[in-house]
Amino acid sequence: DAGITQSPRYKITETGRQVTLMCHQTWSHSYMFWYRQDLGHGLRLIYYSAAADITDKGEVPDGYVVSRSKTENFPLTLESATRSQTSVYFCASSEAGGVTEAFFGQGTRLTVV
Amino acid sequence: GENVEQHPSTLSVQEGDSAVIKCTYSDSASNYFPWYKQELGKGPQLIIDIRSNVGEKKDQRIAVTLNKTAKHFSLHITETQPEDSAVYFCAARKTDSWGKLQFGAGTQVVVTP
Numbered sequence: 118d119a120g121i122t123q124s125p126r127y128k129i130t131e132t133g134r135q136v137t138l139m140c141h142q143t144w145s146h147s148y149m150f151w152y153r154q155d156l157g158h159g160l161r162l163i164y165y166s167a168a169a170d171i172t173d174k175g176e177v178p179d180g181y182v183v184s185r186s187k188t189e190n191f192p193l194t195l196e197s198a199t200r201s202q203t204s205v206y207f208c209a210s211s212e213a214g215g216v217t218e219a220f221f222g223q224g225t226r227l228t229v230v
Numbered sequence: 002g003e004n005v006e007q008h009p010s011t012l013s014v015q016e017g018d019s020a021v022i023k024c025t026y027s028d029s030a031s032n033y034f035p036w037y038k039q040e041l042g043k044g045p046q047l048i049i050d051i052r053s054n055v056g057e058k059k060d061q062r063i064a065v066t067l068n069k070t071a072k073h074f075s076l077h078i079t080e081t082q083p084e085d086s087a088v089y090f091c092a093a094r095k096t097d098s099w100g101k102l103q104f105g106a107g108t109q110v111v112v113t114p
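Which chain is which? The protein sequence lines are A and B, in order. Counted from 1, the first sequence has number 148 at position 31 by the numbering used here; the numbering is strictly sequential. Counted from 1, the second sequence has number 46 at position 45 by the numbering used here; the numbering is strictly sequential.
If you are wondering where the hints come from, they were derived from the structure by calculation, not from laboratory data. A quick note: this is a predicted structure, and the numbers were derived from the prediction, not measured. A virtual CB, placed ideally from N, CA and C, is assigned to each residue, including glycine. The reader is advised that the hints may include incorrect statements.
To be verified - Distance ranges between label pairs, derived from CB positions:
{"hint": "1", "chain 1": "A", "residue 1": "V205", "chain 2": "B", "residue 2": "S27", "range": "32 to 38 Å"}
{"hint": "2", "chain 1": "A", "residue 1": "W144", "chain 2": "B", "residue 2": "D60", "range": "35 to 41 Å"}
{"hint": "3", "chain 1": "B", "residue 1": "G56", "chain 2": "A", "residue 2": "R134", "range": "30 to 36 Å"}
{"hint": "4", "chain 1": "A", "residue 1": "T228", "chain 2": "B", "residue 2": "K43", "range": "14 to 20 Å"}
{"hint": "5", "chain 1": "A", "residue 1": "D170", "chain 2": "B", "residue 2": "S13", "range": "43 to 49 Å"}
{"hint": "6", "chain 1": "A", "residue 1": "G157", "chain 2": "B", "residue 2": "K59", "range": "29 to 35 Å"}
{"hint": "7", "chain 1": "A", "residue 1": "S197", "chain 2": "B", "residue 2": "S13", "range": "37 to 43 Å"}
{"hint": "8", "chain 1": "B", "residue 1": "T11", "chain 2": "A", "residue 2": "R134", "range": "32 to 38 Å"}
Given these sequences and hints, build the entire structure.
Encoded structure:
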């Protein structure tokens, strides 16, 4: 199916464990983004990517790592999960950076216990 | 960097009435202002957007207005229906920002029959 998909939809992990959230888009959009959503904060940018092998930090990057070896995939890794990383994570993509629409995935609810 | 403030945080309206959500932004270089609707358990979905060279845009029951001088923009929903109940986010973006969106904190809209 065309679109942007995230996996898993729900994840429970323990403090200190490494966990990877997956994001896949079928449009060949150049730009991809990871946001986290927390009550009272809206959506905050974690990392973004302008193309394969081009990534940069957003507003809240600490504790996260990204890679983009292929245009269609943009995985987000929590190297050593902490309780403060309990959140809903959204991946998004857009064709270009300027005034084009950003499309969001359905989100991954991550709980760190 | 850009800062987007959104008010109110919650809005309860009677079915058929109008709803207005207001956002202000800080960076005068921002030139793209989308509004997203997020239903429970889903990712944000674009409902309308406006570019800085336009003062108002309408799409059926929703409209967005932009005042560049005052650096604020508003979402107007007329003849509200129960299916308009959701969280609404405003956002702002600059052309040279690699597509990064700065979001407001969100408004929970509840339409009561």
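Quick rundown of the hints versus the structure:
no., hint, verdict
1, V205/A with S27/B: 32 to 38 Å, "violated, 26 Å"
2, W144/A with D60/B: 35 to 41 Å, "violated, 23 Å"
3, G56/B with R134/A: 30 to 36 Å, "violated, 51 Å"
4, T228/A with K43/B: 14 to 20 Å, "holds, 19 Å"
5, D170/A with S13/B: 43 to 49 Å, "holds, 48 Å"
6, G157/A with K59/B: 29 to 35 Å, "holds, 31 Å"
7, S197/A with S13/B: 37 to 43 Å, "holds, 42 Å"
8, T11/B with R134/A: 32 to 38 Å, "holds, 36 Å"
In summary, the numbered hints that this structure violates are 1, 2, 3.
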